[in-house]
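Asks: Single-letter residue listing:
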Amino acid sequence: MGLTVIKPGLLVTLQDAGRYGYGRYGISAGGVMDGFAYRVANVLVGNEDGAAVLEITWSGFAVEFQSDMWVAITGGDMSPAIQDTRVPMWRPVYIKAGSVLSFQQRLSGCRAYLAVSGGFEVPMVMDSYSTYLRAEIGGYEGRPLQKGDVLNAHPSRLPRVSSGFPYDEAGTFFTVKWSVSADLYSINDQETVVRVLRGRQYDDFDSSSKLALFRDSFRITPQSDRMGYRLSGPLLRLSQEKEYISEPVSIGTVQVPADGQPIVLMADRQTLGGYPKIAQVASVDVPLIAQLPPGGMIRFKEITLAEAERLYTDYIRELRMTEAMIKLKLKERANIGSSGSELRYGRELRRLPNWQ
Amino acid sequence: MSRSYSFFPLGDSAVLIQFESWVSENIHREVTAAARCIEENPFPGFVECIPSFTSVAIYYEFHRINKPDEFDTVYAYICSMLEQRMVADEAEKASAVPDVVEIPVCYGGKHGPDLELVADKNRLTPEEVIRIHSGQDYLIYAIGFAPGFPYVGGIPDTIATPRKKTPRLRIPPGSVGIAGNQTGIYPIETPGGWQLIGRTPLALFRPGAQPPSLLKAGQYIRFRPIETEEYERIREVSLWV
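Chains V and C, in that order, give the protein sequences.
Here the working numbering is used: the first residue of the first sequence is 1, the next is one more, and so on.
Here the working numbering is used: the first residue of the second sequence is 1, the next is one more, and so on.
Hints were generated in silico from the structure; no laboratory data involved.
C-beta atoms are modelled at their ideal positions from N, C-alpha and C, and glycine is treated no differently.
Incorrect hints may appear among the rest.
Claimed, not checked - Chain C regions said to be covered by chain V (calculated; three or more residues, Cβ under 8 Å): (1) 5-17; (2) 66-78; (3) 134-144; (4) 153-167; (5) 211-222.
Unchecked claim - In silico lysine-lysine, BS3-like type, Cα no more than 25 Å apart, as pairs: (6) K327(V) to K96(V); (7) K301(V) to K210(V); (8) K165(C) to K242(V); (9) K164(C) to K110(C); (10) K327(V) to K177(V); (11) K242(V) to K110(C).
With these hints in hand, go ahead and build the complete structure from the sequences.
Replies: So, in structure tokens, the structure goes:
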């Protein structure tokens, strides 16, 4: 009932939506970097919100399937393939036992998500499956995956598939005809516009820094990770030196240490920060940043709080529509199988979750 | 509750309530009281409160908030709900008994390799450093930096010592250190530049327990000097916690 890690890749961790309710104890929220890719991956394989997935940073990861499984791969494109046959992303894929799925080369983005139907089975620690690397808890023994690790899945809500379906030539997997529209998710390695609100200490910066923040572009440095993205660009300076009292931060908080180079706080951020906050990334653009690789360029665009809220409302509406479409497709027998073959869902159809 | 606070948006999913812009025990009591009022009477979509020195952040799930039309933004609606909840019980606040947590510390030796250095720099004997360090209670202003790490009020200037120029790569959990006029306890193994004067056998971060942190903001810490034997004895017990 599981997957065996053949090649560990750069950094592959189990993650979910994050660990909330413990920030007051200094515990980082963690969770997936790209919440959009995460949610879609789970919905594509009939999982409930909150199931654990693999966050695959960059290419080089490979797993062998010990049993037949429905999976979905979303997020950045790391050229997922089985025996050199490309496995399509953003749709349910049925993979036969014995197949080796490998992520061969980075084509776009920098994090892929692999969801298996049922969700990965790991112990919940403080209400979350997320790997908390710094505290070495959660996920798979609190650490990145290593060669030989065996991951099990909870029982699937999608039906088992018997023989006679339109597998690829090698007979290792098949996919459905539909997928989530790629326009919903365009990952761009060129300069990316990131929408931000003014931060709490924006006015403490001098006028040329305030101007440069929205005029110039910033490069993502290699010292960027799940804790934060360190940017390099024009120096951002306070109009006068000042010590700040540590206060709570959030995902997407842009703070500026004394060296004048901003840091965008990400999933594994600490709960409190003592540097002045020049900006705050709108929630809808956090997944965008999560997919930008080192060397990528960012340009900040100022928006108002009302605009950020409107964007967020639209984003949620779009996400819910996408989810509703997927759920509908999963119920439509005719859409499974690439040559019009049907899956005989029968009674099992009713085991699909009851979506509102 | 006094009305000496203001709201700031921390993005589109959190509100920061700022009390004053300087650190004091009185202001921190306001922070603690505000967090408690909101936690005891959460609004739909509330996620959590994170209290700090002079402010508390309230995190919410944007998609679960049903904003009435009379509010222009979800933020404005959240602020109004917070305002309603921050009704004060001054009497209760004043009569609150301080909650003091005793932290046994084995000072010096292998557990506190920098005790001599701290003593030398301040022209004191190690015994005097221990007496001063353990001679007062410290308010925990916030838990942060690492899971279970308490940010506490300042130590007397007489034992203040700058950080090490080169940080240690590994500091064992439970180590008690000094950096400038701050003192702290490392809950997990981590690199760090603090001067280490002792070690507690207590586990500050306990991921299996509820709550997962020995300490919380608003409590006071009192360090109690112990000998190696007691350190070992407590440590054996605390491994089972």
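Asks: Evaluate each hint against the coordinates.
Replies: Each hint, compared with the structure:
1. 5-17: Coverage by chain V holds here, the residue count being 8 at a Cβ distance below 8 Å.
2. 66-78: holds (count 4)
3. 134-144: holds (count 3)
4. 153-167: violated (count 0)
5. 211-222: Since 5 is at least three, the answer is holds.
6. K327(V) to K96(V): Given that 25 Å is the threshold and the Cα spacing comes to 23 Å, the pair holds.
7. K301(V) to K210(V): Within the cut-off at roughly 12 Å; holds.
8. K165(C) to K242(V): Distance of about 23 Å is within 25 Å: holds.
9. K164(C) to K110(C): holds (17 Å)
10. K327(V) to K177(V): Holds. K327(V) to K177(V) sits at ~15 Å (cutoff 25 Å).
11. K242(V) to K110(C): Measuring from Cα to Cα gives roughly 38 Å; hence the hint is violated.
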